[in-house]
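Given the coordinates of chain X, assemble chain Z with the ligands onto it according to the supplied hints.
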Amino acid sequence: MSKAEKAQEARTLAPEHALAVLRGMILIRRFEERAEEQYTRARIGGYCHLAIGEEASNVGAIDPLTDDDYVFTSYRDHGTALAVGSPPAAVMAELFGRATGVAGGYGGSMHMLDVERHFLGGWGIVGGHLPIAVGAALALDYRDESAAVLCQLGDGATNTGAFHEALNLAEIWNLPIVFQVINNQYGMGTNVEQASAEPEIYKRAAAYRIHGERVDGNDVEEVWFATDRLMRRARDERKPALIETMTYRWRGHSVADAGKVYRSPDEVEAWKERDPIVRYAAILMDRGVLDEEALAAMRKDVAQEISEAISEAASAPVPDPDGLYTHVYAPGWEEQFVHMDQAGPFGEREGTKHWRK
Amino acid sequence: MTYREALRRALDEELARDPNVFLMGEEIGRFEGSYKVTAGLWAKYGGKRVRETPISEEGFVGAGVGAAMIGLRPVVEIMTINFIVPAMDMVVNHAAKVRSMFGGKVGVPMVIRTPGGAGAQLTAQHSQSLEAWFAHVPGLKVVAPSNPWDAYGMLKTAIRDDDPVLFVENLVLYNLTGEVPEEGTDITVPFGLANVVREGTDLTIIAHSYTVRRALNIADRFLQDGISVEVIDLRSLRPLDIDTCIASVKKTTRALVAEEGWATFGIGAEIAARLHRACFDELDAPVERVGGAEAPMPYAKNLELAALAQEDKIGAAARRLLADCGLVDA
Ligand SMILES: Cc1ncc(C[n+]2csc(CCOP(=O)(O)OP(=O)(O)O)c2C)c(N)n1
Ligand SMILES: [Mg+2]
Numbered sequence: 001m002s003k004a005e006k007a008q009e010a011r012t013l014a015p016e017h018a019l020a021v022l023r024g025m026i027l028i029r030r031f032e033e034r035a036e037e038q039y040t041r042a043r044i045g046g047y048c049h050l051a052i053g054e055e056a057s058n059v060g061a062i063d064p065l066t067d068d069d070y071v072f073t074s075y076r077d078h079g080t081a082l083a084v085g086s087p088p089a090a091v092m093a094e095l096f097g098r099a100t101g102v103a104g105g106y107g108g109s110m111h112m113l114d115v116e117r118h119f120l121g122g123w124g125i126v127g128g129h130l131p132i133a134v135g136a137a138l139a140l141d142y143r144d145e146s147a148a149v150l151c152q153l154g155d156g157a158t159n160t161g162a163f164h165e166a167l168n169l170a171e172i173w174n175l176p177i178v179f180q181v182i183n184n185q186y187g188m189g190t191n192v193e194q195a196s197a198e199p200e201i202y203k204r205a206a207a208y209r210i211h212g213e214r215v216d217g218n219d220v221e222e223v224w225f226a227t228d229r230l231m232r233r234a235r236d237e238r239k240p241a242l243i244e245t246m247t248y249r250w251r252g253h254s255v256a257d258a259g260k261v262y263r264s265p266d267e268v269e270a271w272k273e274r275d276p277i278v279r280y281a282a283i284l285m286d287r288g289v290l291d292e293e294a295l296a297a298m299r300k301d302v303a304q305e306i307s308e309a310i311s312e313a314a315s316a317p318v319p320d321p322d323g324l325y326t327h328v329y330a331p332g333w334e335e336q337f338v339h340m341d342q343a344g345p346f347g348e349r350e351g352t353k354h355w356r357k
Numbered sequence: 001m002t003y004r005e006a007l008r009r010a011l012d013e014e015l016a017r018d019p020n021v022f023l024m025g026e027e028i029g030r031f032e033g034s035y036k037v038t039a040g041l042w043a044k045y046g047g048k049r050v051r052e053t054p055i056s057e058e059g060f061v062g063a064g065v066g067a068a069m070i071g072l073r074p075v076v077e078i079m080t081i082n083f084i085v086p087a088m089d090m091v092v093n094h095a096a097k098v099r100s101m102f103g104g105k106v107g108v109p110m111v112i113r114t115p116g117g118a119g120a121q122l123t124a125q126h127s128q129s130l131e132a133w134f135a136h137v138p139g140l141k142v143v144a145p146s147n148p149w150d151a152y153g154m155l156k157t158a159i160r161d162d163d164p165v166l167f168v169e170n171l172v173l174y175n176l177t178g179e180v181p182e183e184g185t186d187i188t189v190p191f192g193l194a195n196v197v198r199e200g201t202d203l204t205i206i207a208h209s210y211t212v213r214r215a216l217n218i219a220d221r222f223l224q225d226g227i228s229v230e231v232i233d234l235r236s237l238r239p240l241d242i243d244t245c246i247a248s249v250k251k252t253t254r255a256l257v258a259e260e261g262w263a264t265f266g267i268g269a270e271i272a273a274r275l276h277r278a279c280f281d282e283l284d285a286p287v288e289r290v291g292g293a294e295a296p297m298p299y300a301k302n303l304e305l306a307a308l309a310q311e312d313k314i315g316a317a318a319r320r321l322l323a324d325c326g327l328v329d330a
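Chains X and Z are the protein sequences, given in the same order. Position 147 of the first sequence, counting from 1, maps to 147 under the numbering used here, and the rest follow consecutively. Position 282 of the second sequence, counting from 1, maps to 282 under the numbering used here, and the rest follow consecutively.
Worth flagging that the hints you see were computed from the coordinates, not collected in a lab. Virtual Cβ for every residue (Gly too), placed ideally from N, Cα, C. Mixed in with the good hints there might be a few duds.
The calculated lysine-lysine pairs, modelled on DSS-like cross-linking and capped at a C-alpha distance of 27 Å, are [stated by the list, open to error]:
| hint | chain 1 | residue 1 | chain 2 | residue 2 |
| --- | --- | --- | --- | --- |
| 1 | X | K260 | Z | K36 |
| 2 | Z | K36 | Z | K48 |
| 3 | Z | K251 | Z | K36 |
| 4 | X | K272 | X | K260 |
| 5 | Z | K44 | X | K260 |
| 6 | X | K300 | X | K260 |
| 7 | X | K260 | Z | K97 |
| 8 | X | K300 | X | K272 |
Pairwise CB distance ranges (calculated) [what the hints assert, rightly or not]:
| hint | chain 1 | residue 1 | chain 2 | residue 2 | range |
| --- | --- | --- | --- | --- | --- |
| 9 | Z | D12 | X | K260 | 45 to 55 Å |
| 10 | Z | I70 | X | Q342 | 44 to 54 Å |
| 11 | X | A99 | Z | A323 | 32 to 42 Å |
| 12 | Z | A120 | X | T326 | 47 to 57 Å |
| 13 | Z | D12 | X | E145 | 54 to 64 Å |
| 14 | X | G135 | Z | L223 | 52 to 62 Å |
| 15 | Z | P296 | X | D236 | 20 to 30 Å |
| 16 | X | A258 | Z | A120 | 52 to 62 Å |
| 17 | Z | I70 | X | R11 | 52 to 62 Å |
| 18 | X | A343 | Z | A120 | 28 to 38 Å |
| 19 | X | Q194 | Z | T201 | 55 to 65 Å |
| 20 | Z | P138 | X | N168 | 30 to 40 Å |
Bound-form chain Z, shown alone:
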């Protein structure tokens, strides 16, 4: 099953399970979703449960907050993460604040699903990975699954969660195929637990979302050099599972954090800081960070390729780190 179909199945099952769950977003009905995640759901559940919206992100994200405050469970689709920016006020100043600001008397059980990512020449305004912004904010939860199983299981968890969740998908992952839990099992995937997707002994690569796929390919390639790479899929950014990262790095003594977004003030910065404190004695080299080029994404294919945190860039960073430690030739 593809990542897209896994999401659709989770939405379908949750819509069927709980009448308070409803979907809201641009083009998610008749048009079946810009990326076809909601295909068939409008026909099946009708316009009340699968509500089409105008291009009014601030309006309908805010409406999601209000509906959630009195007991509904809105699952809001933002066509791509770039378009959440006009609704940032509703997410950061409102959704994230409600529970604490009102003394725990009311909450916002809302999910915002949105894909990030780049690589299709969509240029500066349509190629961003902004999840680090949200992971910075107390009151929000942020998850970013990298495979169909987790996409399915974590979306169910997100919908059942009592607080606002930013559920980050990825444009390139939608067609990825993989296993999903069998029908009728109602298996979910918890938040706050990273996943060691490849065991290794020489270097830990920590990633989330699409970058996990890249890390796995890099791990394959290093086998030729006799290097064993461990790959950690964070899955959940806030809550973050630093324990799994620490245990891995105590074993491998080397770590690299890779992300599609900009590394400066990013997810790698957070993880590197925690690893340096927790693994100071064990580390053989400083934790390395890799992100997308710190420039608005250019259009031309050659410029875009140079800007992306591609396998060659992450691989080169890993190689240099290993070379500094004398494990491979530079």
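Extracted from the complex, chain X is given alone in its bound form:
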């Protein structure tokens, strides 16, 4: 029996591994808290959707992936980026709109990615990335690769037409994909019960004969073992699945939303009682893997890492504004546009230099 198989049987992670998973969650929490603060200091613009409270759903689902698997997610993507292992400094630099950011400052908060680590994006149109993730699974199957796609989405996204088309395609084509519905109870200010005819979202998979299951999204090991099992099944048997991880967004929909009008303080507090980090730390202490001192040291170490990431990002250069048109098309095909230059609208034909101050 391999190590991974043994772990599956025992349903607990080995001590070293468990500590790394705990640290991964603390890293996201700390990163997001600091991002929120940097946003209020106007170092970050646009929308900024935080994953505070959802750390176990992110780390638990992404940690068991192999290097060959692929990940897609929505605009609530900082946690996903950190969980796949993107350097915090590069993620923070993207938030700051710097050239050293994961997308060179072109994408910002909603459009993180890490091609090397097979993370193909943070996407901003709700539901839009689902068929795209199906396409990635199609490519893996097409090339007979033993890998699968993890596609994260929100509860709200399951009400888009794209969700239903994506699931149907995944099943009729037997594609290696696991849809992870991160059910944080709300899509903006709309509760799941209000928006979904079947609020137990995992059951929707049955309509497409896809296996669906619901797990405690604040229990990192539960998420870990369930995702690991479903991803293996996707890789080995080419069977899609849907896993619904039940969690909660502690903050508002984005930093601009106080998150108060549509939910009660009691509800928020009740979920904070189930803090995925505190819970896992307590479990590891019970197992004798962790003590208060080690936890404090871990938190301190993470805080230091994020502080350094912020300093690094803040001192990085902004993108070259003459690069405005650089990435519109692939390099090498400029020739095609040569005959479009004449008498075009003002500015497009000369670049931006002559009106920028």
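Using the frame of chain X, we list chain Z with the ligands on its own:
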């Protein structure tokens, strides 16, 4: 009153006036609208008249079409114009076609309200101005008011119109303040009439929505050079009032069309073509067009500023046009 409040008042009055009018959209009830346009209306009229929807744009825009076909007057809010794209099929292949395809026997008196615009670092998928797409389609009407008065008066006109109307708002305009008609007057603003918001003699700048504000600022700045700029607020894109543009350009002999969206195949392209034909003899220079940089909107602030059709970009285009005609130094 702000542009936002003017819209809210028009919605409130129309809801009160006609029981067939109802609102539908994401987050427009309890959450009071992503941009707070519908604040208070759900509490006042309840969930039947102010219907909250899931994130199902294709579904609820289509439902609006069906409800309109049998006599209701849905006012559908699309949170921002970017999210209408998944519902494009319902708008273009369905709403726009019904009246003609069914031989005039049934129509779609529906309004889709949605803000476009950019400038808050919302990046490529959330910074578009797509109104030109809709103005291209026969069967649709497209309006884009630039001030509270027109926002109020044109929204009322849109709701009372018998055909599908895309009502384009703008994220940056919501806080703009200005006059609105007095309560109880029931004043509306008709479609198909542009508005000369500033008279001038040397150059006509033609714009719609937020770009009108930019054009007015540019007109102010040119006063220092002794240049008199006329500014036309199109207000309505389809029906388009080209007559007002032609009359102005026959007088000024120079024209520039500015828009927030991409100029290529855009609104300026349409207007320039019509002006060149109608004012060929009078024009002192070819009609100039200015739009947003033809790139998906980047995130970084400096890149975004370079991409927007800002005052400096439109102003530079105007200056060069005037310099070509010998009116100012380059
Ligand atoms: C097609 C579309 N419609 C509306 C929006 C605006 N919007 C952004 S996030 C969101 C809520 C999504 O909720 P959910 O899928 O549960 O994800 P969560 O934010 O909870 O992570 C909405 C309505 C959008 N981005 N795309
Ligand atoms: Mg949600």
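Going down the list of hints, with the structure as the test:
1. X/K260 to Z/K36: Roughly 15 Å between the alpha carbons, so the hint for X/K260 and Z/K36 holds.
2. Z/K36 to Z/K48: It holds: about 19 Å lies between the C-alpha atoms, which stays within 27 Å.
3. Z/K251 to Z/K36: violated, 42 Å
4. X/K272 to X/K260: holds, 15 Å
5. Z/K44 to X/K260: OK: Z/K44 and X/K260 at ~20 Å, within 27 Å.
6. X/K300 to X/K260: Distance of about 31 Å is beyond 27 Å: violated.
7. X/K260 to Z/K97: The given pair, whose Cα atoms are some 43 Å apart, is violated under the 27 Å limit.
8. X/K300 to X/K272: OK: X/K300 and X/K272 at ~22 Å, within 27 Å.
9. Z/D12 to X/K260: 45 to 55 Å: violated, 25 Å
10. Z/I70 to X/Q342: 44 to 54 Å: holds, 52 Å
11. X/A99 to Z/A323: 32 to 42 Å: Distance hint for X/A99, Z/A323 holds at roughly 35 Å.
12. Z/A120 to X/T326: 47 to 57 Å: violated, 23 Å
13. Z/D12 to X/E145: 54 to 64 Å: holds, 58 Å
14. X/G135 to Z/L223: 52 to 62 Å: The hinted range 52 to 62 Å holds for X/G135 and Z/L223, with Cβ atoms some 56 Å apart.
15. Z/P296 to X/D236: 20 to 30 Å: At 38 Å between Cβs, range violated.
16. X/A258 to Z/A120: 52 to 62 Å: violated, 18 Å
17. Z/I70 to X/R11: 52 to 62 Å: Roughly 57 Å apart at Cβ, these two residues keep to the hinted range, so it holds.
18. X/A343 to Z/A120: 28 to 38 Å: holds, 33 Å
19. X/Q194 to Z/T201: 55 to 65 Å: With a Cβ separation near 58 Å, X/Q194 and Z/T201 satisfy 55 to 65 Å, so the hint holds.
20. Z/P138 to X/N168: 30 to 40 Å: holds, 34 Å
The earlier numbered hints that this structure contradicts are 3, 6, 7, 9, 12, 15 and 16.
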